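Here the protein sequences come in this chain order: A and B. Numbering (the numbering used here) for the first sequence: 1 to 244. Numbering (the numbering used here) for the second sequence: 245 to 599.
Be aware that a few hints might be false.
As the list claims (entries may be wrong) - Now the stretches of chain A that chain B is said to cover, found in silico as 3 or more residues with beta-carbon under 8 Å: (1) 101-112; (2) 199-209.
Claimed, not checked - Label pairs and their in silico Cβ distance ranges: (3) A:Thr54 <-> B:Val383: 23 to 33 Å; (4) A:Arg188 <-> B:Leu368: 29 to 39 Å; (5) B:Val383 <-> A:Gly14: 38 to 48 Å; (6) B:Leu387 <-> A:Thr226: 53 to 63 Å; (7) A:Arg116 <-> B:Leu387: 33 to 43 Å; (8) A:Pro189 <-> B:Pro356: 54 to 64 Å; (9) B:Val383 <-> A:Ser29: 41 to 51 Å; (10) B:Val383 <-> A:Gln237: 33 to 43 Å; (11) B:Phe384 <-> A:Ser12: 34 to 44 Å; (12) A:Phe13 <-> B:Ala273: 51 to 61 Å; (13) A:Arg188 <-> B:Phe384: 42 to 52 Å; (14) B:His378 <-> A:Arg235: 38 to 48 Å; (15) B:Ser547 <-> A:Phe13: 37 to 47 Å; (16) A:Glu28 <-> B:Leu387: 42 to 52 Å.
In short, the hints are calculated from the structure, not lab data. Here the structure is a predicted model, which means the values were calculated and not measured. Glycine included, C-beta positions come from ideal geometry on N, C-alpha and C.
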Amino acid sequence: MALLETTPIQKSFGKLVALDGATLTVGESEFHGLIGPNGSGKSTLMKCVAGAETPSKGRVKFSGIDITRHSPAARARAGLTLKFQITSVLPALTLYDNILLALQAKSSLMGLMFSRSRGALHDRVMGMLEQFRLAARAYQPASALSHGQQQWLEIAMALATDPKLLLLDEPTGGMSLEERRVTGDLLRPIKQNCSLIIVEHDLDFIRDVCDRLTVLDQGTVLCSGTVQEVQADPRVQEVYLRRA
Amino acid sequence: MTEATPMGTEIDNVLPHSADKRWFGKSGAMIGLIEIILLVMGALAPLALPDYITIYATRVLVLCLFALSFDLVWGYAGILSLGQSLFFGIGGYAVALIARDANIASIFVVLPLGMVVGLVAALLLAGFLLLGRHPTSVVFVSLGTMTGAYAADRFARGSQYLGGQNGIPSIQLMTIGHYELSEGPVFYYLALGILVFFYLLCRFMLRSQFGLALAGLRESEQRIAFFGYRAQHLKAIIFAVSGAIAGVAGSLYAFHEGFVWTNMLGVVMSTQVVLYVLFGGSGTLIGAVIGTLVIEALGYWLSNAFQDIWPIILGLLLLLVIMFRPAGLISFVVSERERVGSFGRPVRRGGHGSA
Chain A
1 MALLETTPIQ
11 KSFGKLVALD
21 GATLTVGESE
31 FHGLIGPNGS
41 GKSTLMKCVA
51 GAETPSKGRV
61 KFSGIDITRH
71 SPAARARAGL
81 TLKFQITSVL
91 PALTLYDNIL
101 LALQAKSSLM
111 GLMFSRSRGA
121 LHDRVMGMLE
131 QFRLAARAYQ
141 PASALSHGQQ
151 QWLEIAMALA
161 TDPKLLLLDE
171 PTGGMSLEER
181 RVTGDLLRPI
191 KQNCSLIIVE
201 HDLDFIRDVC
211 DRLTVLDQGT
221 VLCSGTVQEV
231 QADPRVQEVY
241 LRRA
Chain B
245 MTEATPMGTE
255 IDNVLPHSAD
265 KRWFGKSGAM
275 IGLIEIILLV
285 MGALAPLALP
295 DYITIYATRV
305 LVLCLFALSF
315 DLVWGYAGIL
325 SLGQSLFFGI
335 GGYAVALIAR
345 DANIASIFVV
355 LPLGMVVGLV
365 AALLLAGFLL
375 LGRHPTSVVF
385 VSLGTMTGAY
395 AADRFARGSQ
405 YLGGQNGIPS
415 IQLMTIGHYE
425 LSEGPVFYYL
435 ALGILVFFYL
445 LCRFMLRSQF
455 GLALAGLRES
465 EQRIAFFGYR
475 AQHLKAIIFA
485 VSGAIAGVAG
495 SLYAFHEGFV
505 WTNMLGVVMS
515 TQVVLYVLFG
525 GSGTLIGAVI
535 GTLVIEALGY
545 WLSNAFQDIW
555 PIILGLLLLL
565 VIMFRPAGLI
575 SFVVSERERV
585 GSFGRPVRRG
595 GHGSA
């Protein structure tokens with residue numbers, strides 16, 4: 001059984017049809033790239049999966065459960081987490097506190113009041129920061145980080161909730177080439193525990209990181225398959241050439 | 245899952261470190277120092293002051309407690325409760341009624357009663373304003389709370405049972421066992437003790453992991469919902485705690501002044517508490533106390549020195565602070581970083597720009 005499955009999804013905003021029967025299937029431990037020209041419906045599909053938008057028609061199933069109408073918080077508790085396109089780390093808080101905030105989300109209210117998990121989570125916070133090469137700056141506010149580092153912090157925060165599926169909306173937006181390369185390195189080790197859906201314009205990055213791709217065009221799926229299959233598909237080349 | 249990479253510094257070295265010093269420039273323990281100084285001053289004040297000023301100071305301490313309740317919702321959870329006096333006033337009216345009609349004035353009954361009444365009123369209002377299906381906007385909540393306070397004010401004015409315009413006069417003295425508590429040093433120390441108790445309670449709560457969740461809430465409600473927090477529940481809880489504290493303050497106020505009247509419920513008192521907290525600096529607890537002390541002390545002195553125009557002078561001073569120090573008086577000595585605080589384990593800044 002796939003981790004995430006959808007029936008054909010329709011989503012319109014007034015007269016504008018953003019999604020016209022697009023589907024998405026993601027397996028366990030799979031890095032799945034979602035690509036397509038501007039306005040093809042990538043972000044809308046992502047939002048329908050994340051819970052930021054509700055489809056006009058169609059269902060979203062996660063681990064066999066229909067989550068189409070679940071709130072984002074309920075999806076997060078089920079193991080589906082989102083990293084926003086615009087970085088939204090909490091700038092006034094330290095890096096440490098940003099991660100702790102994500103880690104302690106599952107604690108009970110009384111647990112929070114009496115700080116019961118503070119000691120136990122310390123090693124995990126530092127572990128996450130080390131994994132993402134941010135440990136040296138643990139006690140600085142997130143606002144002091146470079147843009148690329150903020151993106152990493154945000155990915156670390158998303159992973160801290162122990163998701164089974166993480167949605168990354170343009171994770172390398174605004175990053176330097178070097179930062180993109182490192183981002184790929186940082187993502188690979190998480191594959192054992194977690195699947196990814198990545199929306200991204202940088203096709204080199206997608207080729208480098210993803211196992212499977214889904215190509216959207218005008219709200220429908222143009223093709224879906226392994227990176228090699230998709231690359232060989234003449235329709236994909238046509239869509240990207242048409243855009244250029 | 246901690247595959248720590250030894251090459252962790254590889255990127256760090258390329259990126260600017262210039263921002264570090266700015267954040268550790270100011271000493272990190274100002275708040276604690278100010279708290280201790282104020283506590284010592286508060287404990288010694290009645291020894292040095294004439295009785296009539298001690299009585300005035302007692303009222304100010306009660307108002308500090310009220311300001312604390314507003315700082316909790318506005319400074320920590322980002323809920324602009326423009327009707328905070330509703331809970332203060334309801335607490336006051338509740339104990340005045342039980343003293344008048346049931347002849348009960350024992351401190352062990354009236355203070356818990358004021359607290360429960362404030363708590364329940366806040367929970368009911370939170371049910372309407374905060375716990376809807378969709379997150380509500382700051383403006384909606386502030387107008388909603390203001391309307392609540394205004395409606396309660398009008399209701400009390402119109403109600404014979406509540407004494408109408410005049411309120412409920414000559415409330416009997418609060419009792420501890422057989423001892424009757426009149427204005428003066430004993431009441432002062434009682435108020436101080438209660439203020440310190442609730443201050444420490446708030447401080448404990450706000451520095452816990454719950455405080456971190458609130459900090460996240462204030463920064464971005466939507467963001468923490470995506471982590472799985474029930475943001476609206478957090479808001480309702482802090483709103484209720486704040487209502488309970490305002491209720492205690494109101495019941496103390498009622499017994500100290502010996503009467504309750506409609507202004508305790510209405511917009512006047514609500515506005516006053518907003519000014520206290522803005523002036524002192526929201527989001528620090530101690531800022532709320534400082535704001536109340538300074539405004540009340542200035543008001544007292546100005547009203548003696550410039551009998552006719554003192555409200556204008558005080559108003560201008562408030563305006564200046566809010567224009568040029570939007571983070572309040574406290575921001576002269578406490579850095580933004582210390583204000584936000586740190587919630588993890590105690591920080592050891594070994595060789596990390598701590599000079």
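The hints, checked one at a time:
no. : hint                              : result
1   : 101-112                           : holds (count 9)
2   : 199-209                           : violated (count 0)
3   : A:Thr54 <-> B:Val383: 23 to 33 Å  : holds, 25 Å
4   : A:Arg188 <-> B:Leu368: 29 to 39 Å : violated, 53 Å
5   : B:Val383 <-> A:Gly14: 38 to 48 Å  : violated, 27 Å
6   : B:Leu387 <-> A:Thr226: 53 to 63 Å : holds, 56 Å
7   : A:Arg116 <-> B:Leu387: 33 to 43 Å : holds, 38 Å
8   : A:Pro189 <-> B:Pro356: 54 to 64 Å : holds, 55 Å
9   : B:Val383 <-> A:Ser29: 41 to 51 Å  : holds, 46 Å
10  : B:Val383 <-> A:Gln237: 33 to 43 Å : violated, 51 Å
11  : B:Phe384 <-> A:Ser12: 34 to 44 Å  : violated, 29 Å
12  : A:Phe13 <-> B:Ala273: 51 to 61 Å  : holds, 53 Å
13  : A:Arg188 <-> B:Phe384: 42 to 52 Å : holds, 46 Å
14  : B:His378 <-> A:Arg235: 38 to 48 Å : holds, 41 Å
15  : B:Ser547 <-> A:Phe13: 37 to 47 Å  : violated, 60 Å
16  : A:Glu28 <-> B:Leu387: 42 to 52 Å  : holds, 49 Å
Checked against the numbered hints given earlier, this structure breaks hints 2, 4, 5, 10, 11 and 15; the rest are met.
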